[in-house]
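J.: Below are the chains, spelled out letter by letter.
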Amino acid sequence: DTAVSQTPKYLVTQMGNDKSIKCEQNLGHDTMYWYKQDSKKFLKIMFSYNNKELIINEIVPNRFSPKSPDKAHLNLHINSLELGDSAVYFCASSQVTGYYGYTFGSGTRLTVV
Amino acid sequence: GNSVTQMEGPVTLSEEAFLTINCTYTATGYPSLFWYVQYPGEGLQLLLKATKADDKGSNKGFEATYRKETTSFHLEKGSVQVSDSAVYFCALSTVQGAQKLVFGQGTRLTINP
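In order, the protein sequence lines correspond to chains A and B. This note's numbering puts the first residue of the first sequence at 1, with every later residue one more than the last. This note's numbering puts the first residue of the second sequence at 1001, with every later residue one more than the last.
Hints were generated in silico from the structure; no laboratory data involved. Glycine included, each C-beta is placed from N, C-alpha and C at the ideal position. Check the hints yourself; a few may be wrong.
[Said to hold, decoys possible] Per label pair, the in silico range of CB-to-CB distance:
#1 B:Asn1059 with A:Thr2: 14 to 22 Å
#2 A:Asn62 with B:Arg1108: 27 to 35 Å
#3 A:Lys52 with B:Glu1008: 35 to 43 Å
#4 A:Lys41 with B:Glu1015: 22 to 30 Å
#5 A:His77 with B:Tyr1039: 26 to 34 Å
[To be verified] Among the chain A residues that face chain B by a calculated CB cut under 7 Å, a handful are:
#6 Phe42
#7 Leu43
#8 Ile45
#9 Ser48
#10 Ile56
#11 Gly101
#12 Tyr102
#13 Phe104
#14 Ser106
#15 Gly107
#16 Arg109
Chain A extracted, bound-state conformation (with noise of 0.2 Å):
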């Protein structure tokens, strides 16, 4: 049983379109999180929610928008793809503190052409 399912895993599309990602947790866990990994693989936090409510939005721009229905759930919605967005995103999930860890999902492989 997975604990952070992503999907799609890989997603292919041309500028310009609108596209989301969608992430589920079965841990019970509080609060959750989107990651881009760039071509360099370094890993930087865009979005985090606990329990619904949006507690972290680094420097993103606006045509990414998060959504959270329920705490089980973070999807990542993307408007106007452009090329730059082109990397891996992934979803994390932790319990409020942190303390026992981050459980990421398998990532989803975005290439925008």
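Position chain B against the provided structure of chain A, taking the given hints into account.
T.: Chain B only, in chain A's frame:
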């Protein structure tokens, strides 16, 4: 702000060699420290963690000790295998401020038979 610095990669070793990947951190407050591993084409897996000074995290033959006096959390393994080839990330999390995981830049490790 909080930050993590890892040794520059890539690192290439022969099988059964001794491995050290250096990691130092800067943090406000008292962080928890983590090593994550990303195997080719896969997501991030928690390798080990430590939550207080002098704690030693260990897993799969890997070890790291939380050194508060040197703000370090170096990863070591006594005898590496080809299957250890992956990208390794040092990371920290603090309870002060918004909860998030801050990553180092990653170190690519290749083990040759």
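J.: Would you check whether isoleucine 45 (chain A) satisfies its interface hint, that is, whether its CB is within less than 7 Å of any CB in chain B?
T.: This hint holds: isoleucine 45 (chain A) lies near chain B, its Cβ roughly 5 Å from the closest one there, short of 7 Å.
J.: Holds or violated: is there a CB of chain B closer than 7 Å to the CB of glycine 101 (chain A)?
T.: The hint holds - glycine 101 (chain A) has a Cβ within 7 Å of chain B, the shortest such distance being about 5 Å.
J.: Falls inside 14 to 22 Å, the C-beta gap from asparagine 1059 (chain B) to threonine 2 (chain A)?
T.: Once the Cβ atoms are compared, 21 Å apart, the range 14 to 22 Å for threonine 2 (chain A) and asparagine 1059 (chain B) holds.
J.: Would you check whether leucine 43 (chain A) satisfies its interface hint, that is, whether its CB is within less than 7 Å of any CB in chain B?
T.: 4 Å, holds
J.: Tell me if serine 106 (chain A) is really an interface residue toward chain B, meaning its C-beta lies closer than 7 Å to one of theirs.
T.: 4 Å, holds
J.: Mind checking the CB of serine 48 (chain A) against every CB in chain B and telling me if the closest is under 7 Å?
T.: 6 Å, holds
J.: Does glycine 107 (chain A) meet its interface restraint, that is, does its C-beta lie within less than 7 Å of any C-beta in chain B?
T.: Status holds, d = 5 Å.
J.: Verify the interface restraint on phenylalanine 104 (chain A): the C-beta must sit less than 7 Å from at least one C-beta of chain B.
T.: 4 Å, holds
J.: Do histidine 77 (chain A) and tyrosine 1039 (chain B) keep their Cβ atoms within the hinted range of 26 to 34 Å?
T.: This hint holds: roughly 29 Å between Cβ atoms.
J.: With 35 to 43 Å as the target window, see if lysine 52 (chain A) and glutamate 1008 (chain B) comply at their CB atoms.
T.: Given range 35 to 43 Å: holds, Cβ gap about 40 Å.
J.: Hint check: is the beta carbon of phenylalanine 42 (chain A) less than 7 Å from a beta carbon of chain B?
T.: Check passed: Cβ of phenylalanine 42 (chain A) comes within 6 Å of chain B, closer than 7 Å.
J.: So the hint says 22 to 30 Å: do the beta-carbon atoms of lysine 41 (chain A) and glutamate 1015 (chain B) match that?
T.: Since the Cβ atoms of lysine 41 (chain A) and glutamate 1015 (chain B) sit about 24 Å apart, the hinted range of 22 to 30 Å holds.
In terms of the numbered hints stated before, the structure departs from hint 16 and from no other.
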